[in-house]
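So the sequence lines, in the order shown, correspond to chains A and B. Be aware that the first sequence starts at 1, since it is given in full-length UniProt numbering, and climbs by one per residue. Be aware that the second sequence starts at 1, since it is given in full-length UniProt numbering, and climbs by one per residue.
In short, the hints are calculated from the structure, not lab data. Note that the coordinates shown come from a computational prediction; the quantities given were computed from them, not determined experimentally.
Residues of chain B clear of chain A, computed beta-carbon distances all greater than 10 Å:
no.	residue
1	Leu21
2	Tyr79
3	Phe116
4	Arg122
5	Lys129
6	Gln173
7	Arg174
8	Glu177
9	Pro184
10	Ala188
11	Pro296
Simulated DEER-style distance windows between Cβ atoms:
no.	chain 1	residue 1	chain 2	residue 2	range
12	A	Ala44	B	Asp26	47 to 55 Å
13	B	Ser347	A	Ser146	38 to 46 Å
14	B	Ser347	A	Ser36	37 to 45 Å
15	A	Gln265	B	Asp78	46 to 54 Å
16	B	Arg174	A	Val345	57 to 65 Å
17	A	Gly163	B	Gly117	49 to 57 Å
18	A	Tyr131	B	Asp78	28 to 36 Å
19	B	Ser347	A	Ser48	45 to 53 Å
20	A	Pro287	B	Gly66	46 to 54 Å
21	B	Lys258	A	His155	35 to 43 Å
22	A	Ser146	B	Gly117	41 to 49 Å
23	B	Ser136	A	Ser36	28 to 36 Å
24	B	Arg122	A	Ser198	53 to 61 Å
Distance condition first, Cα-Cα at most 25 Å in a straight line; then the derived SDA-like pairs of lysine to any residue:
no.	chain 1	residue 1	chain 2	residue 2
25	A	Lys21	B	Asp36
26	A	Lys309	A	Arg331
27	B	Lys283	A	Asp358
Beta carbons: idealized from backbone N, C-alpha and C, even for Gly.
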Amino acid sequence: MASHGIPRVSGASLDKSEQAKQKERKQIDQYKALESEVTDRIKARDYSNATFQATSKLLSQNPEYYTIWNHRRRLLQDVFARELATGPSGPLIDETDAAAAQKAGLTLAQHEIALLVKEDLLFLIPLLKQYPKCYWIWNHRSWLLSTATQHLPVHNSSELWQGELGLVTKMLSLDSRNFHGWGYRRQVVKEIEQLNGSSMAESEFTYTTKMVETNLSNFSAWHNRSQLIPRILSDRQASSKQRQTFFDSEFELITRALYTDPYDQSLWFYHQYLMATLDASNDQALPILDPCTNTGRVDYLEREIDSIKEMLEGAEDCKYIYQALLEYSSRYIEVEAGNKKVSTVELREWLDELRKLDPLRAGRWRDWQEQLKL
Amino acid sequence: MSLAAGPGRGHVAVGQLPEELKLVVDKHVAYIQSLDTRKDELEYHLTEHLRIGGIYWGLTALHLLGHPDALPREGLIDYVLSCLCESGGFGAAPGHDAHILYTGYSVQILTMIDGFGALEERLPDCKQKIARFVASHQQPDGTFAGDEWGEIDTRFLFSALYTLSLLGYLPHQRPSEPPLINLPAATAYIKACQNFDGAFGVSPGAESHSGQVFTCVGALYIAGELDSYLGEEGKDRLGAWLSERQLPSGGLNGRPEKLVDVCYSWWVMSSMAMIGRLHWIDKAKLTAFILQCQDPDEGGMADRPGDMVDVFHTVFGVAGLSLLGYPGLVEVDPAYCMPRHITAQISK
Chain A
1 MASHGIPRVS
11 GASLDKSEQA
21 KQKERKQIDQ
31 YKALESEVTD
41 RIKARDYSNA
51 TFQATSKLLS
61 QNPEYYTIWN
71 HRRRLLQDVF
81 ARELATGPSG
91 PLIDETDAAA
101 AQKAGLTLAQ
111 HEIALLVKED
121 LLFLIPLLKQ
131 YPKCYWIWNH
141 RSWLLSTATQ
151 HLPVHNSSEL
161 WQGELGLVTK
171 MLSLDSRNFH
181 GWGYRRQVVK
191 EIEQLNGSSM
201 AESEFTYTTK
211 MVETNLSNFS
221 AWHNRSQLIP
231 RILSDRQASS
241 KQRQTFFDSE
251 FELITRALYT
261 DPYDQSLWFY
271 HQYLMATLDA
281 SNDQALPILD
291 PCTNTGRVDY
301 LEREIDSIKE
311 MLEGAEDCKY
321 IYQALLEYSS
331 RYIEVEAGNK
341 KVSTVELREW
351 LDELRKLDPL
361 RAGRWRDWQE
371 QLKL
Chain B
1 MSLAAGPGRG
11 HVAVGQLPEE
21 LKLVVDKHVA
31 YIQSLDTRKD
41 ELEYHLTEHL
51 RIGGIYWGLT
61 ALHLLGHPDA
71 LPREGLIDYV
81 LSCLCESGGF
91 GAAPGHDAHI
101 LYTGYSVQIL
111 TMIDGFGALE
121 ERLPDCKQKI
131 ARFVASHQQP
141 DGTFAGDEWG
151 EIDTRFLFSA
161 LYTLSLLGYL
171 PHQRPSEPPL
181 INLPAATAYI
191 KACQNFDGAF
201 GVSPGAESHS
211 GQVFTCVGAL
221 YIAGELDSYL
231 GEEGKDRLGA
241 WLSERQLPSG
251 GLNGRPEKLV
261 DVCYSWWVMS
271 SMAMIGRLHW
281 IDKAKLTAFI
291 LQCQDPDEGG
301 MADRPGDMVD
311 VFHTVFGVAG
321 LSLLGYPGLV
331 EVDPAYCMPR
341 HITAQISK
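The task is simple: from the sequences and hints, build the whole structure.
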């Protein structure tokens with residue numbers, strides 16, 4: 001792909017020596033020869049183990065070469081189809097395999113498919129570690145698992161998906177913001193839930209708690225948490241009171257975090273997520289409180305405005321605080337006709353501070369001033 | 001066209017003050033022209049799967065720089081045609097499998113070089129065949145797969161819509177024919193990818209991400225549903241999230257607490273332009289940031305000052321400058337990332 005974060009090289013090192021050029025020419029020749037080998041074999045529909053090994057070699061050198069991943073899947077599909085067609089009375093049955101299959105409660109074809117899938121999953125692990133942002137590797141992994149799920153009994157495919165949960169946990173411990181990793185995690189959880197017929201929302205929620213405790217700034221974890229909350233509450237069949245208690249404990253958590261670092265954007269977005277549930281005009285807000293009455297809204301807005309005002313002490317130069325105060329106050333004024341909490345003078349002061357602290361977004365503050373008629 | 005990184009690096013020339021930064025147009029043109037002469041580098045061969053994308057990025061940059069003819073037209077047509085697969089889709093290079101993304105780039109290139117006539121000779125009724133290839137990837141829930149293997153991503157949905165629109169095969173462009181795709185289902189899927197912060201993720205439930213915001217906003221823009229789906233409040237909310245991507249360096253990042261990058265700068269600012277909120281960031285600082293990412297000696301732009309240049313960041317840097325009104329550049333269309341005078345001819 002395009003180069004991201006590849007540091008500069010000095011001009012001198014760009015001028016390659018004749019020796020280096022020769023070495024590179026040799027590498028190119030070897031690479032092109034390997035590419036032709038794979039392409040020729042596939043054209044000839046040679047779906048042998050030798051072809052499979054050649055794709056492994058090529059993909060290890062270049063995991064972005066999507067057509068080769070496609071060829072690898074075509075080959076695997078062909079092998080699986082042959083396994084399934086051969087049936088239990090096939091001519092080439094290895095007795096050890098037959099015994100192993102029987103012990104595992106699988107047909108011979110299933111046993112072979114499981115072995116091949118597991119082998120390919122293992123092949124991908126070092127590649128994933130080396131190229132954690134390569135779409136095609138994640139994509140191939142997901143195809144292997146889905147294909148296995150089609151052919152294997154629930155117990156076996158569920159075991160495979162469980163293994164994936166372990167893998168993705170490891171991947172996210174290496175890069176806790178990896179976009180592919182979080183997406184894959186949601187897919188894995190969904191599959192396990194479907195296969196086992198039970199929700200994993202609680203354990204996934206605990207996982208996000210662990211992740212944000214390790215690094216408060218991990219918005220990917222906060223995001224996932226935000227998606228799990230409505231499900232947890234529904235799984236628990238939480239009463240109105242229990243929902244409120246839950247909501248309050250989330251506010252406690254985020255307020256503590258904000259006191260630790262009010263300059264962290266991720267935390268403010270999570271606070272916004274909680275506040276969005278009180279905002280009737282936000283049709284993408286997720287439901288937490290039930291019912292969410294106007295009196296409830298006013299109470300929460302008042303409480304949060306007070307709490308955020310307190311945060312100002314010692315963090316007077318933190319623009320997010322003024323932003324939050326303005327945002328929540330304007331919503332408060334909308335829902336509470338008899339507003340006694342915020343004065344226009346205060347709103348103007350906050351906006352002035354914001355302008356001073358954050359001149360990059362001057363245009364936004366100007367539009368806001370007009371909207372708030374300040 | 002090589003996507004190999006380098007050879008140069010983005011930096012500020014010695015002794016130059018930031019306010020003296022200038023776009024080195026001729027050097028960027030020469031840099032793009034030189035890209036196909038790098039066959040002696042291993043990376044040229046390792047990046048073959050991006051060749052058609054590289055041509056689209058290079059050609060668009062040249063158009064915006066005011067040098068639309070700097071690459072030989074015949075060579076481009078031959079190359080694009082050599083990527084055509086039997087299915088009516090295009091692969092990333094000759095012999096590579098068809099994919100919705102590379103079909104999109106191919107159609108963008110053919111549109112910019114007026115190459116459909118040449119394609120028609122090879123493939124009669126070519127526009128309809130390509131459109132049918134694209135449409136065949138729509139899923140029951142409205143979204144699009146990237147290829148026959150079924151990967152799902154809002155990038156593919158966006159690619160499908162702009163490709164069909166360039167070909168003139170969106171339902172509203174052919175009101176008398178049965179629609180090739182279910183457009184309301186596609187836009188409903190986009191809505192399902194929107195989060196409380198107003199921004200969009202790669203699929204329903206996924207974290208907001210600037211690249212995905214660009215594809216979703218672009219798709220709604222092309223479908224003509226931006227106003228009806230977002231409204232002023234929705235635009236304010238999304239605009240706020242997008243404007244927070246600007247960091248003190250002037251560059252924009254892709255998600256909270258990530259590094260700035262020229263490519264994210266484009267995806268964020270083009271989305272802001274489409275929703276009419278581009279004035280919510282500091283344009284002068286962003287202009288300076290992009291200019292600092294160019295290699296003033298060899299041409300090309302990098303993701304950040306000091307890093308290796310490549311054609312991908314070069315086009316998004318140039319397109320960004322065009323959107324910011326940098327003098328002398330051809331105006332860019334924020335949704336298609338193509339010259340505005342060309343997209344203005346798309347049938348409505």
